[in-house]
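Chains as they are written, first to last, in UniProt numbering: chain A, 1 to 428; chain B, 1 to 428.
Honestly, the hints are just simulated from the structure, not real lab data. Glycine included, C-beta positions come from ideal geometry on N, C-alpha and C. Mixed in with the good hints there might be a few duds.
Said to hold, decoys possible - Simulated DEER-style distance windows between Cβ atoms: (1) B:GLY107 / A:GLU231: 52 to 58 Å; (2) B:ALA215 / A:ALA202: 49 to 55 Å; (3) A:GLU221 / B:VAL177: 43 to 49 Å; (4) B:GLY391 / A:GLY391: 32 to 38 Å; (5) B:ARG248 / A:GLU88: 43 to 49 Å; (6) B:ARG100 / A:GLY33: 41 to 47 Å; (7) A:GLY296 / B:ASP259: 35 to 41 Å; (8) A:ASP258 / B:ASP194: 37 to 43 Å.
As the list claims (entries may be wrong) - Mimicking EDC-like on lysine to aspartate or glutamate, the simulated pairs with C-alpha atoms at most 16 Å apart in a straight line are: (9) A:LYS235 / A:ASP257; (10) A:LYS181 / A:ASP233; (11) B:LYS16 / A:ASP31; (12) A:LYS37 / B:ASP10; (13) A:LYS37 / B:GLU11; (14) B:LYS181 / B:GLU242; (15) A:LYS116 / A:GLU79; (16) B:LYS16 / A:GLU221; (17) B:LYS37 / A:ASP45; (18) A:LYS37 / B:ASP45; (19) B:LYS116 / B:GLU93; (20) B:LYS37 / A:GLU47; (21) A:LYS181 / A:ASP257; (22) A:LYS16 / B:GLU30; (23) B:LYS16 / A:GLU30; (24) B:LYS16 / A:GLU190; (25) A:LYS16 / B:GLU221; (26) A:LYS28 / B:ASP10; (27) A:LYS28 / B:GLU11; (28) B:LYS223 / A:GLU11; (29) A:LYS16 / B:GLU190; (30) B:LYS37 / A:GLU11; (31) B:LYS116 / B:ASP75; (32) A:LYS16 / B:ASP31.
There are 2 protein chains.
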Amino acid sequence: MHIEIICTGDEVLTGKIVNTNFAYMSQKLEDAGLTVKWETTVGDDREDLLSAFLRAGERADAVIVNGGLGPTVDDLSQEVAAQAAGVELVLHEEWLERMRSFFTRRGRTMSENNVKQAMLPEGAEFVDNPVGTACGFAITIGKARFYFTPGVPRELRRMLENEILPRLLAVSGTQTVIRLKRFHSYGLGESHVDSLLKGVEALAPDGSVKLGFRAHYPQLETKLTVRGADEADIKAKLAPVEAEIHRRIGNYIMAEDDDTLEGVVLDHLSRAQGSLAVVETFTGGQIAARVAPLPGAEAVFRRGIVARHFDEIAAALGMTGAPAFDTEPPTAEFAEQVARAARVQTGATHALAVMVAIEDGEDRIDLGGTVCIAVATADDVASRRSRLAGGRDWVRLGAAEMGLDSLRRYLQDLPIREPNDFEKVDKL
Amino acid sequence: MHIEIICTGDEVLTGKIVNTNFAYMSQKLEDAGLTVKWETTVGDDREDLLSAFLRAGERADAVIVNGGLGPTVDDLSQEVAAQAAGVELVLHEEWLERMRSFFTRRGRTMSENNVKQAMLPEGAEFVDNPVGTACGFAITIGKARFYFTPGVPRELRRMLENEILPRLLAVSGTQTVIRLKRFHSYGLGESHVDSLLKGVEALAPDGSVKLGFRAHYPQLETKLTVRGADEADIKAKLAPVEAEIHRRIGNYIMAEDDDTLEGVVLDHLSRAQGSLAVVETFTGGQIAARVAPLPGAEAVFRRGIVARHFDEIAAALGMTGAPAFDTEPPTAEFAEQVARAARVQTGATHALAVMVAIEDGEDRIDLGGTVCIAVATADDVASRRSRLAGGRDWVRLGAAEMGLDSLRRYLQDLPIREPNDFEKVDKL
Chain A
1 MHIEIICTGD EVLTGKIVNT NFAYMSQKLE DAGLTVKWET TVGDDREDLL SAFLRAGERA
61 DAVIVNGGLG PTVDDLSQEV AAQAAGVELV LHEEWLERMR SFFTRRGRTM SENNVKQAML
121 PEGAEFVDNP VGTACGFAIT IGKARFYFTP GVPRELRRML ENEILPRLLA VSGTQTVIRL
181 KRFHSYGLGE SHVDSLLKGV EALAPDGSVK LGFRAHYPQL ETKLTVRGAD EADIKAKLAP
241 VEAEIHRRIG NYIMAEDDDT LEGVVLDHLS RAQGSLAVVE TFTGGQIAAR VAPLPGAEAV
301 FRRGIVARHF DEIAAALGMT GAPAFDTEPP TAEFAEQVAR AARVQTGATH ALAVMVAIED
361 GEDRIDLGGT VCIAVATADD VASRRSRLAG GRDWVRLGAA EMGLDSLRRY LQDLPIREPN
421 DFEKVDKL
Chain B
1 MHIEIICTGD EVLTGKIVNT NFAYMSQKLE DAGLTVKWET TVGDDREDLL SAFLRAGERA
61 DAVIVNGGLG PTVDDLSQEV AAQAAGVELV LHEEWLERMR SFFTRRGRTM SENNVKQAML
121 PEGAEFVDNP VGTACGFAIT IGKARFYFTP GVPRELRRML ENEILPRLLA VSGTQTVIRL
181 KRFHSYGLGE SHVDSLLKGV EALAPDGSVK LGFRAHYPQL ETKLTVRGAD EADIKAKLAP
241 VEAEIHRRIG NYIMAEDDDT LEGVVLDHLS RAQGSLAVVE TFTGGQIAAR VAPLPGAEAV
301 FRRGIVARHF DEIAAALGMT GAPAFDTEPP TAEFAEQVAR AARVQTGATH ALAVMVAIED
361 GEDRIDLGGT VCIAVATADD VASRRSRLAG GRDWVRLGAA EMGLDSLRRY LQDLPIREPN
421 DFEKVDKL
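Given only the sequences and the hints, what does the whole structure look like? Please build it.
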């Protein structure tokens, strides 16, 4: 099935806003086994919209149009859709009524402008928007079925997932259920994981499992798209592949599906009624900022301490007799002392120390830093020492990830020191 | 001039990466007074690329193509460009030589794959890429001049700004110099600033100054696009408008052009040989994380303290005789006590305390929080108390911004308490 997407609106065309709606839609379709072949962005311009609709209608089987369903004069999608389909706009009474009660429930009066949002091309199929006033619809232009969706991301997401995707899957003749399974890992690069996972797809019959990746440094997302007759079939097909992935890269998997590294760490500590202190230097509070604001963290996150100098860290923690910390790169032993002292001072069950010495000089692609990480509990401590490079931002992002992931590994009884593709060992 | 942009690559088309290159290019052109009329994204597919090139060549005067200049087999831009222009690919000896020395300087050997990157359509104009191996070029297809650019953002930016933009401006017949002046503000919404600045454009002659906005919560960017004969002319035209903008919304302007709020705060403290302690609750370390990792912050950022409970803050700062902090929303006085205590404990010249009590319950759009902010020095303290709403993330982002901006206002001798459009006063 040839699918196209048309994005509309001056704000997107002029780059005033980055077009995340497109990436979201395309990815969502991809995850469901559908592929977008062509994307067009045009502004709020009658002629360009018409031309884009007609051209897509010549080429595609299905087209998703995003935006232009609002109440203002520059929202032209319904009007141009009607023109392209050669029909008139007619009032959709039911939607007008829905909008009126939408406003009434919020204690507001509907503006007459909004009536425009209930005008649909004659013969259009109504597509529900339960969370906004922009009414979706479907209509045929040329040889393609067009689906019109709102520009507001929250409304688009709901409509795409609940209304458009099921229709597209029905039209595409895909009688199967599709599920996306995701693994979030840190420490192995995309091509490395790709080679480590060679052949896992073959563990499921008939090519029903497809492997893919999405890298966003420092994390890597490994994705399995699974097709089956129903949920039970999917589960059965997924099980051997999932088990094999865990066998091959399990220690590196921090979280799955919608879970996050910080969420997994918080969950572990919550379940154990634990508490956490975090001590940071060059990461500047970024590690604390990932955990502390989460719902439920108020019962776990005890204290965060940030300083740019090791002697200031020592002062904050009342560490006496410490060496002149700023003269040398930090050691794993120093990180251990810091973590122990933070645990004692705050009374937390766990303390994480991430001590970074960033190299001097202008920021550049090979600028690096030494990262020493320690996790301490009442009667134990574990640590690692690494060198990261790639410029100030990459060292900072990498150190925060490695720090939080070391804590995750500690909490899951995994070694906190394992080979890491982002680690530079040459200069240690 | 009718300008189009064609983005290429499976990673962009499938939504695996969000297309920030397009927004960047379009915005950059817009800022230079040029407008993109149409954007197309196609994958690494010979037929689609050819079709996209030929269609754009029929409609446009100028086309920027992004991506597909790499060394691998799925990088097809040069090849399809040659086909669309009806010419052969020929080796660009000079670029091959440049690539070889590029690799040699990095102690690596050039792979034979890279030779492909020196193959340009016959007759193409060479467009320099001083920071990568993807060679840019320009060629005419149909009635349009096509400019081919690399997909790597850093390489694209350099090439667009130094090579493509000057060529486009020359072709467009714009004999004028164009400059973009930007003001970053916090506390006033876009429509409010728009109404406050009504008429400022008229202070410059001939419509040579154009006003625009870009909102990214919690900040607002106000932009002036200025056209003039030369730099002196631009300066003269800009001066009265700039002065008037400062007169009308000056206190709310945190930074200008490429400066940032955190950079301005750091700069003020650096110049005064000052130092900073930051105490945070629900913002979780986010305020510290904006300042502490900056170049130069090692001499200014003294210490950050994060906790989710006010009594833990009190414990960390050795504040005795404090009330039962967690039973009530915080007061401005409590924030003042915290800031004073942090200053004394750390010996910093300035301490910022941002105490937030977030409401209980499920996250929702009207969830709010009480925010108490104080800035203390050795012999002074200033504070404000506000209510922010919009859900957990908005309260967190707003509190961090308001906190850091209060410090900026204090350092610039401005009132830290001024009307704020994001503040909800009804529930205080």
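Each hint tested on the structure:
no., hint, in the structure
1, B:GLY107 / A:GLU231: 52 to 58 Å, "holds, 54 Å"
2, B:ALA215 / A:ALA202: 49 to 55 Å, "holds, 50 Å"
3, A:GLU221 / B:VAL177: 43 to 49 Å, "holds, 45 Å"
4, B:GLY391 / A:GLY391: 32 to 38 Å, "holds, 34 Å"
5, B:ARG248 / A:GLU88: 43 to 49 Å, "holds, 48 Å"
6, B:ARG100 / A:GLY33: 41 to 47 Å, "holds, 44 Å"
7, A:GLY296 / B:ASP259: 35 to 41 Å, "holds, 37 Å"
8, A:ASP258 / B:ASP194: 37 to 43 Å, "holds, 38 Å"
9, A:LYS235 / A:ASP257, "holds, 15 Å"
10, A:LYS181 / A:ASP233, "holds, 14 Å"
11, B:LYS16 / A:ASP31, "holds, 11 Å"
12, A:LYS37 / B:ASP10, "holds, 9 Å"
13, A:LYS37 / B:GLU11, "holds, 12 Å"
14, B:LYS181 / B:GLU242, "holds, 9 Å"
15, A:LYS116 / A:GLU79, "holds, 10 Å"
16, B:LYS16 / A:GLU221, "holds, 11 Å"
17, B:LYS37 / A:ASP45, "holds, 9 Å"
18, A:LYS37 / B:ASP45, "holds, 9 Å"
19, B:LYS116 / B:GLU93, "holds, 12 Å"
20, B:LYS37 / A:GLU47, "holds, 11 Å"
21, A:LYS181 / A:ASP257, "holds, 6 Å"
22, A:LYS16 / B:GLU30, "holds, 9 Å"
23, B:LYS16 / A:GLU30, "holds, 9 Å"
24, B:LYS16 / A:GLU190, "holds, 13 Å"
25, A:LYS16 / B:GLU221, "holds, 11 Å"
26, A:LYS28 / B:ASP10, "holds, 15 Å"
27, A:LYS28 / B:GLU11, "holds, 14 Å"
28, B:LYS223 / A:GLU11, "holds, 15 Å"
29, A:LYS16 / B:GLU190, "holds, 13 Å"
30, B:LYS37 / A:GLU11, "holds, 12 Å"
31, B:LYS116 / B:ASP75, "holds, 9 Å"
32, A:LYS16 / B:ASP31, "holds, 11 Å"
Going down the numbered hints, you'll see the structure goes against none, and every one checks out.
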